[in-house]
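Protein chains in written order, with our numbering: chain Y, 1 to 74; chain V, 75 to 742.
A few of these clues could be false.
So the derived label-pair ranges between C-beta atoms look like this [claimed, not checked]:
1. MET554/V x GLN37/Y: 58 to 66 Å
2. MET1/Y x ARG448/V: 29 to 37 Å
3. MET1/Y x TRP505/V: 27 to 35 Å
4. ASN139/V x ASP16/Y: 51 to 59 Å
5. ASP16/Y x ILE531/V: 19 to 27 Å
It should be emphasised that the hints constitute simulated quantities derived from the structure, not laboratory data. No residue lacks a Cβ here, since even glycine has one placed at the ideal position from N, Cα and C.
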Amino acid sequence: MLLQELSPDSVAMVADLSVPDEDAIRLKAMGICVGRQVQLVRAGDPLIIRVLGTRVGMSARLASGVVVEQIAAS
Amino acid sequence: MSSTLNQNGLHVLPTTDRPCTIALAGNPNAGKTSLFNRLTGLRAQTANFAGTTVEHRRGRISLGNQSVTLIDLPGMYTLDAVTLDEHVAVDTLLGNLPGAVQPDAVLVVLDATNLERNLLLTSQILNLQMPTLVALNMMDSADQYGLQFDLEELSKRLGCAVVPISARTGSGLDKLNTALEQLVCEQAVPTVHPSLTSCSSCSGCQYSARHDWAETVTLATSRGNTTAPSRLSEALDQVLTHKVVGFACFAAIMLFTFLMIFWMAQYPMDMIDGWFGLASYTVGQWLPEGDLSSLITDGIISGVGGMLVFLPQICMLFFLLALLEDSGYLARAAFVMDRLMYRVGLPGKAFVPLLSAHACAIPAIMSARVIDDRRDRLVTILVLPLMTCSARLPVYAMVMALLFPTDPLKASLLFTAAYVLGIVTALAMAWFFKKTLLRGETKPLVIELPNYRLPSIRNAFLMMIDRSWEFVKTAGTTIMIISLVVWALATYPKTAIENMPAEVQSQLAEFEATNQPNAAARLFSQVQLEHSFAGQLGKAVAPVFAPLGFDWKMSVGVLSSFAAREVVVSTMAVLYGVGEDASEAGSPLIDRLRHSKHLDGRPVFTTAACLSLLVFYVLAMQCLPTQVVTRRETGSWKWPLLQLGYMSALAYVAALVTYQTTSAMGMN
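Construct all of the structure, not just a fragment, from the sequences and the given hints.
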């Protein structure tokens, strides 16, 4: 499933990034990287996720390139 | 070159005769700039990185008995640079910037309350194998939340010395200084953990491996609830990033900021205005009347004063923006505005410059540096001068006084309409540029929402001094030259009394006879200006402006304000023979303007002509200092010329349409 399809507060593991290279670097540097855990804090556009202990805001159109596997529902 | 003794009593020779340089590197929000300010204080200066428009601060500090240069690199999350700032930071660190030498050592600044995230960049820097020291910053917050660190273990895992500090309270700085001194002396290169050495070789998965390493190190070296520091911030963000409430809060915060800017700046502005008036008067008393006195009082003093009068607003703007940024709110504002701004093709970060431009376009253009993408940044810079800046206010006030001298409600409605016209046009033009000239996807938002913290007044103050000084340097020199040129055009050639038209001569004689020297002086300068180069130019271009409802005097005003729009009021005052005066209703200027007539007897300042003048001044690019700053920030004259071209065309067409439709509707 996609990152923005998660329900608020659910935790997921990043499975794949299909975004342009430059954006991929920005995401990976922020911790949104294959194998890492992320948690959706606020749904919508832009949305907020919790990753590596801080919150990161990102546009929904970027989140639609982040494939995740849900680990725990809210 | 002298040799020095290090702590172990060994002689250490500096390798070259240039001073040692240490680069400060770290994530944005890690408190790098606070630490830099702590270490260097007011001795720091702003400079461009060689061959770029990216700025940084550098400053000398003394470590033991040697002097070392500290360079504050732009904040970054990774060495795989994406933005211009990051590229320059990385190139500086690697010594790849032509004309600049590689720093001798790196001081990595880490946020202790956010260790795992900060360790990614650290791992990359460790791999560079430069002499490295790690400063574990924000220890005061970490203590407050009960976070504990095994510093010995952390130092072992990182392979370099780690010093716990708090840039905010100043604790640990002595130890940091000692450690820096040792680093410079011994040039110790970090011993890198094998898992990091191997992951620098593979490019595809290096982030995974590095994040794994960061996680392991964090788990092994720190204890405590790492989510504790962000609890308050998350609660605040429930409100401040909310789709509706968050937007309302944003509007309220911005409104408050601008009220503060305009309200607090008003007193120093009046003072500065007074000083320059006094200076002009005093110098005028000392110097014998003539060209020199006129050059100094009308040219230099009033020109420079006209610029410096905006300085308090600019200082306040930078100060408040620095506080907002330091508090962590600006990241939320970019977040809240992102979706709205995306509609016109701009990123959320563009709103700060767009708002700042309501005080002055120059600091706004400078603050457009926060925009990552080059095209997005150029578009923002191009449309910024359309926002109603303070320099337009005297012109607006003059038109309002002409149109609605006794109706404050209508006047304020029209005032608001002028602001709205500027904003709407700017957004529409941004959309247009993104569709045509600077086509491209708007960079999607990815922004860290750092924990809120109490902003540092000291940092904001230093930032304010720095940016304002930059404004004075750039705008000041240009304004000085412009003022001189405008003064010369309006002063020469001189017309002797005997060459003036007969009726003027007789009128002058009559004023003298009835002992009205002021009236005589006013008439004299009015005729002087009419026959000067500026007056002749105005008459020559008058046909161009006639379809907009402007007479030749207004044309001179428009021409003179291409350098700086606010001078139009004083130019008109001279042209209409009332002397320099304020634009309040009932003032002699407004009175004179209201009764002025075209040659055929029609009144000049009809409702249609006033509206046309207003529209023209809302949209026209009439500020050379802004153009100079645009040139500096974009690195090419192409962009300021485009700015001038499109805005002038827009202003002309819009004023033409306004005048023709309103006069057709019979609004005379």
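For each hint, the structure was consulted:
1. The given range of 58 to 66 Å is respected by MET554/V and GLN37/Y, whose C-beta atoms sit roughly 59 Å from each other.
2. As the Cβ distance of MET1/Y to ARG448/V is approximately 34 Å, the hint placing it in 29 to 37 Å holds.
3. Here the CB-CB span from MET1/Y to TRP505/V is close to 34 Å, well matched to the stated 27 to 35 Å.
4. Under the hint 51 to 59 Å, the C-beta atoms of ASN139/V and ASP16/Y, about 56 Å apart, fit the expected range.
5. For the pair ASP16/Y and ILE531/V, the beta carbons lie near 46 Å from each other, so the given range of 19 to 27 Å is not met.
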